[in-house]
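S.K.: Chains F and W are the protein sequences, given in the same order.
All residue numbers for the first sequence refer to this note's numbering, where the first residue is 1 and numbers rise by one.
All residue numbers for the second sequence refer to this note's numbering, where the first residue is 1001 and numbers rise by one.
Hints in this document: simulated from the structure, not taken from any laboratory.
All figures in this text were calculated on a predicted structure; none of them were measured in a lab.
Warning: the hint list may mix true and false statements.
[As the list claims (entries may be wrong)] Now the in silico label distances, taken between C-beta atoms and shown as ranges:
| id | chain 1 | residue 1 | chain 2 | residue 2 | range |
| --- | --- | --- | --- | --- | --- |
| 1 | W | 1276 | F | 16 | 15 to 25 Å |
| 2 | F | 41 | W | 1561 | 36 to 46 Å |
| 3 | F | 16 | W | 1205 | 28 to 38 Å |
| 4 | F | 41 | W | 1361 | 52 to 62 Å |
| 5 | W | 1553 | F | 42 | 52 to 62 Å |
| 6 | W | 1608 | F | 65 | 12 to 22 Å |
| 7 | W | 1562 | F | 60 | 35 to 45 Å |
| 8 | W | 1247 | F | 41 | 33 to 43 Å |
[To be verified] Computed footprint of chain F on chain W; a stretch qualifies when at least three of its residues, placed anywhere within it, have a C-beta under 8 Å from a C-beta of chain F:
| id | stretch |
| --- | --- |
| 9 | 1254-1263 |
| 10 | 1296-1307 |
Ideal Cβ positions, reconstructed from N, Cα and C, are used throughout, including at glycine.
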Amino acid sequence: MENIEMRKAMFKFGKDEKKCSGCRICEMACVLYNKKECNPKKAFIKISGNFPEPGGYNIKILKGCTLCGECTRICPIGALFEKKNPEEQK
Amino acid sequence: MNGYGGKILAVNLTNGSTPFVILDPEVAKGWIGGRGFASAFLYYAIEKGTAPFSPENAVVMASGPLSGTFVPAAGKVHFATKSPLTGGYGDSNMGGHIAAEMKYAGFDAIIIIGKSKRPCYLFIQDDEVQIREAKHLWGRGAIETEKLLKEELGQDFQIAVIGPAGEKKVSFACISHDFGRQAGRCGIGAVLGSKNLKAIAVKGTKGIKIADFDEMVRQGKKMFSWCQEQPFLKIFQRCGTPVVTEMVNQWGSLPINNFKTGHSDQAKNLHAETMRKEVVIHDKACFACPMACGKYSRAKTEKFDVYVEGPEYETIALCGSNCGIFDIKEVAYANYLCDELGIDTISGGGAVAFAIECFEKGIITKEDTDGLELKFGDIQTFEYLIKKIALKDDSLGKLLAKGVKAASRKLGKGSKDFAIQVKGLEWSGYESRDAMAMLLSYLTSDNGAHHSRAWAITKDIELGRSLVDGKAEIDIYLQHIRPMFDMLGVCRFTWVELGIEPETYPQILKAVTGNDYALDDLLKASERVWTLNRAFWFREIKDFGRKYDMPPARFYKEPVPTGPTAGKMPTLETINRLLDDYYKLRGWDENGKPTKEKLIELNLEFLIPDLY
Ligand code: SF4
Ligand code: SF4
């Protein structure tokens, strides 16, 4: 298992909530990888909606996140991503 | 049981009992799930001749084996009932997140019968099932009800609700979920209303057991990346179903003013790009869907300021152009009214357009409308009529609330010629006088004039629109493959819009359930469901047969007056030829009844005593 501190130094989360469609694939990808279960309720990421007004979604990273990046790799709409270049990471 | 929730919940609202049964693996293998479960359970759950609004009628809600798993767009749930609008098999499919949630709670299907004495809602949290008081919700709008219940129970609950129209038993009342997803067709919301059931709230925390976990993950990832690579994904994410509005208008198939014609120069005000600019605020997806075809909108003018999911293409076609409304903000407002009242936008738009044409022809007059002149292209007319329908507070509202078929039978004066429906279900968004496969698809769809079973119009464009030969075969293929997705509990758009190989599905289904199917096995199962539904109509309607598969006279007496299809129209003879071809290929007799041989071939011999 990788050292989480090392992961933190290497992996920078990027999120753009305005783009989020609420599909919850990220929750699923997270739990499949980290818990080997088909049960998004146990994911380390949680999506919640603001309906009916003003619409839109919030993305929350929960305690326990391993910074594995599964969610950023599967997000189909660019709402979650890994900040790769040092400029983005500031 | 791998891939399934494993239990079927049976709710009896009369005595308040909520037992469940364990899903029989053989039942799961044969009927697959979703639409298959809904049709089969409905057939068994009600007796021949059950009145749609009687406590004995059932509503079945079913997820599929892929719902809630790691498959793109695995968020579909299917509903079926004996329809109050048609008197026959009624079903509707919707997305959102509730199918997955049911599975996580351990339920593949919920069968609801009986009638509660008081307004109530169904509460499900894993194994805990309760019928709860809903006095505080009764009378409230669908959007408002969902919001209140989420505040009360927690945001993690997935909730399906009915609006005031469902409570008032408007024959085309819908079921709503996730602030904008609807099981719109066939009046299933009205049946829930007749049972005094305002909502179904579900939360599941148990997850789903997977037969071959690693294989599901491997295949699922492949499917998701494949979707990601398709150039059309970005376009569909941006536009959603309104991506077709411009094209359908160019084809001359956009319903205008109660299907008088199929093309309008004003339609550009309804195009996807106009919509994106004028009203859309963000994309909104169903469970695990990369396409995010839902568009969440805010329509703001001096007269109104509303939030609504949509409008979808069908709403644009029926509440927009078919009512002569060519302003996307007004269409979004019409969409909001239908959603909050709990009315199917397709039948709702159809009923409004029908009433306006009746007014033009003097069949409905100012005496019936509180002095208001009903006009196409007038949002005030739309608002007036849709509220009358939803609240049924006068004779005009009550009349239209039964749907255009029943209304035209009451009004007479030739109005049945332009009551645009088949089997009592209002026609959805494709004018089909010059599209023979699409026309036949509407005539033979198993729930009435609905497009989703066989969206065959692209084949008409490809092969020749007025061509008759070969069209029945195309429709039958589509009527098996498209509903197959409804059985699996996934959205068909990954196939229709992105072109994913259908063969992918039996593979991942095997990983999820452990059951081995070839694509042909799934298509055969789909044919069984189709045939069962046809049998349902014959069981429930004494004189059912070919005459129920006919379009209104407008489609064979009035050639299209304008646009690219001007002058086109099939003859009655052509329509009958289409049906002849279709029945023959299906193994039905000339009145459209499945033959004994066909029933035996499909292992449906248990239907023979009901039909013969
Ligand atoms: S990075 Fe964190 S939230 Fe994302 S998938 Fe990995 S563990 Fe889950
Ligand atoms: S962050 Fe991405 S994957 Fe997660 S819900 Fe939003 S759009 Fe879907």
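S.K.: Each hint needs a verdict: does it hold in this structure or not?
M.R.: Hint-by-hint comparison with the structure:
1. W:1276 with F:16: 15 to 25 Å: Holds - the Cβ-Cβ distance for residue 1276 of chain W and residue 16 of chain F, about 18 Å, lies within 15 to 25 Å.
2. F:41 with W:1561: 36 to 46 Å: Roughly 57 Å apart at Cβ, these two residues miss the hinted range, so it is violated.
3. F:16 with W:1205: 28 to 38 Å: For residue 16 of chain F and residue 1205 of chain W the Cβ distance comes to about 29 Å; the hint holds.
4. F:41 with W:1361: 52 to 62 Å: With Cβ atoms ~57 Å apart, the hint holds.
5. W:1553 with F:42: 52 to 62 Å: holds (59 Å)
6. W:1608 with F:65: 12 to 22 Å: Given range 12 to 22 Å: violated, Cβ gap about 59 Å.
7. W:1562 with F:60: 35 to 45 Å: Given range 35 to 45 Å: violated, Cβ gap about 54 Å.
8. W:1247 with F:41: 33 to 43 Å: holds (41 Å)
9. 1254-1263: Result for this restraint: violated, n = 0.
10. 1296-1307: Three-residue rule met by the stretch 1296-1307 of chain W, so holds; n is 3.
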